[in-house]
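Each chain, written out:
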Amino acid sequence: MIKEKISSQEIIDLIASKASVSKRASEEFLKVMIATIEEALLKGEIVKIKNFGTFKLLWNEPRKSVNIQSGEEIILAGYYKVGFTPDVVLKLQVNEPFAHLEPVELDITSTLNDPVEEIDEIPLDPLRIFTEQAFEIRNLISEIQGLSPSKKVNPLSEESISEEAIDGIVQIEQDFTNQIIEKELIPIEEKELKLVEEQEYKQIEEQEPEQEEEKIVVPSDNKDDSPREIQYLKDVVSIPAENVNHEEDFELPVTPYLNNVTLPKKKRKVWILGIVVLILIAGLGTGFFYTYPPVTEYTKVALADCRYSLNKISDNVSFSGIIHTVSGWFTPNAKQETIPETVVIPKETNDFDSINQNQPVDSLQELFDNPRVFNDFIATEKFKSGNRLTIMSKRYYGAKEYWVYIYEANKDQITNPDDIAVGTIIKIPKLDSRLIDPANPRCLKKAIELHDIYIK
Amino acid sequence: MNNKELIASMAAKMNAPKSVIEILLETTVTTCTELLVEEKTIGFQSFGNFEVRKKEERLSVHPSTQIRTLIPPKLVVNFKQSNILKDKLKDMPHHD
Numbered sequence: 012m013i014k015e016k017i018s019s020q021e022i023i024d025l026i027a028s029k030a031s032v033s034k035r036a037s038e039e040f041l042k043v044m045i046a047t048i049e050e051a052l053l054k055g056e057i058v059k060i061k062n063f064g065t066f067k068l069l070w071n072e073p074r075k076s077v078n079i080q081s082g083e084e085i086i087l088a089g090y091y092k093v094g095f096t097p098d099v100v101l102k103l104q105v106n107e108p109f110a111h112l113e114p115v116e117l118d119i120t121s122t123l124n125d126p127v128e129e130i131d132e133i134p135l136d137p138l139r140i141f142t143e144q145a146f147e148i149r150n151l152i153s154e155i156q157g158l159s160p161s162k163k164v165n166p167l168s169e170e171s172i173s174e175e176a177i178d179g180i181v182q183i184e185q186d187f188t189n190q191i192i193e194k195e196l197i198p199i200e201e202k203e204l205k206l207v208e209e210q211e212y213k214q215i216e217e218q219e220p221e222q223e224e225e226k227i228v229v230p231s232d233n234k235d236d237s238p239r240e241i242q243y244l245k246d247v248v249s250i251p252a253e254n255v256n257h258e259e260d261f262e263l264p265v266t267p268y269l270n271n272v273t274l275p276k277k278k279r280k281v282w283i284l285g286i287v288v289l290i291l292i293a294g295l296g297t298g299f300f301y302t303y304p305p306v307t308e309y310t311k312v313a314l315a316d317c318r319y320s321l322n323k324i325s326d327n328v329s330f331s332g333i334i335h336t337v338s339g340w341f342t343p344n345a346k347q348e349t350i351p352e353t354v355v356i357p358k359e360t361n362d363f364d365s366i367n368q369n370q371p372v373d374s375l376q377e378l379f380d381n382p383r384v385f386n387d388f389i390a391t392e393k394f395k396s397g398n399r400l401t402i403m404s405k406r407y408y409g410a411k412e413y414w415v416y417i418y419e420a421n422k423d424q425i426t427n428p429d430d431i432a433v434g435t436i437i438k439i440p441k442l443d444s445r446l447i448d449p450a451n452p453r454c455l456k457k458a459i460e461l462h463d464i465y466i467k
Numbered sequence: 100m101n102n103k104e105l106i107a108s109m110a111a112k113m114n115a116p117k118s119v120i121e122i123l124l125e126t127t128v129t130t131c132t133e134l135l136v137e138e139k140t141i142g143f144q145s146f147g148n149f150e151v152r153k154k155e156e157r158l159s160v161h162p163s164t165q166i167r168t169l170i171p172p173k174l175v176v177n178f179k180q181s182n183i184l185k186d187k188l189k190d191m192p193h194h195d
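Going down the list, the protein sequences come from chains A and B. First residue of the first sequence? That's 12 in the numbering used here, and the numbers climb one at a time after it. First residue of the second sequence? That's 100 in the numbering used here, and the numbers climb one at a time after it.
Simulated from the structure, these hints should not be mistaken for lab results. Check each hint, because a few of them may be wrong.
Here are the computed lysine-lysine pairs in the DSBU-like style, where the Cα-Cα straight-line distance is at most 35 Å [stated by the list, open to error]:
1) 61/A <-> 153/B
2) 395/A <-> 112/B
3) 280/A <-> 154/B
4) 29/A <-> 42/A
5) 112/B <-> 405/A
Isolated chain A (complex conformation) (with noise of 0.2 Å):
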């Protein structure tokens, strides 16, 4: 089985027009996926995925081997393996050709060959029986060949034909026999005419093939008269003889193929039958369907809701507004990688400030989610031993938590929050009051939030 290979960049295309992003934030999503789930699983976490599988490193127990070469015994050291276990849902759409089939559970006294059948069968049923009823069907061709043939060359050879012919026709048609070896007698010798109608009426069925036996002695005997009677005989005979291949030979072996040939014919009408039923069935029901106003009626309710869902569904996953979010996201990003220090604000942050200030409920999700640009700083502080970011973050904003956001501000100054060099300068980034309000629960736990991904 040939399977086509999809290569990131194929992959990274097909998200890019699905979720319509641009390429590059697609590769950047993706690169950062594989790179946090990778991260993780060197962490010895597990990681789920919704809908897709769990990630989750395997021990492979070390184990011996010996050496091709040296013969030495050697130990392979044990290793850890990423295991992938699909979800639930991806398992079910993958396995939908085989999801039909159910364990079936095999009677406990049928004996070893029963399961190699049922096996058989399972797959290859309807293929399986025609391929026998196939080669049955060639069997009994070959036979009427290979014997057909055989009962033709018979009559050639005049004796022969005549005693095991007349022999056959004898046995199945008295009457007939006796008729033609009458007639033929008759213009042959009146004598044996005479002696031949007295057996016949006294012994009938013994003396039937003696009189057939003398009958072939005379034309040999009588030359003259013997071409024209062997015609006759041989036309009589071969007639006969048809007969008798095929009423007694063939009789078992034909009358079974013919009831295989005509079964199916009678399935088929049936089926044309069912197949008439059903449309006329079908039909009957759309002008029912269209005509009948209850019906009518409820299949317009039915589109309406339909229409008004997908509506629905469409105001939500619509991505106009993702693409405008997400190339915000990521182009102030790369901006912000190269200028930290002198990041311009891009306009929509102000759109959305003043978007914010008519709906204060959202506005507070969206300063959490959007990523934060510090660009201006109440004040710089040089970093003393003993010192911490959650004491400054206490002195400055009212609150230990919010230490997270002078990380933020100095990411490029710091490496690890916990360990930080004595003599950085600290720029201590102004913030939004919304953000910092130590009264609310929902900044206090949206900067827990973030403490948990800084501090792993």
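Assemble the complex: chain A is given as a structure, and chain B must be docked to it using the hints.
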């Protein structure tokens, strides 16, 4: 690390809102699922390959009741880590 935590940490890394990451992750998952349903192999550079494998039907015997059951064939998703990832994991000490 569950789905939420993954999204949170990715959002922090990319400096992007969680909602966007969530939608992107969802599209990634659906795209991958569609490709796998078509029995295509997906290769993520430096991470590994996802492929669909067919498990043949088999006969299983219940050890205690001796009931034999025919398990039908099925298609399963298989993940094979790349060599790069394998090398990274090699140095990890065993802790359990």
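Each hint tested on the structure:
Restraint check for residue 61/A and residue 153/B: the C-alpha separation of about 24 Å stays at or below 35 Å, so the hint holds. Between the alpha carbons of residue 395/A and residue 112/B the distance comes to roughly 28 Å, so the proposed pair stays at or under 35 Å and holds. At roughly 41 Å between alpha-carbon atoms, residue 280/A and residue 154/B are farther apart than 35 Å, so this suggested pair is violated. At most 35 Å may separate the alpha-carbon atoms for a hinted pair to count; residue 29/A and residue 42/A meet this at roughly 18 Å.
As the CA atoms of residue 112/B and residue 405/A are separated by approximately 26 Å, the hinted pair is consistent with the 35 Å bound.
Hint 3 alone, counting from the list given before, is not met by this structure.
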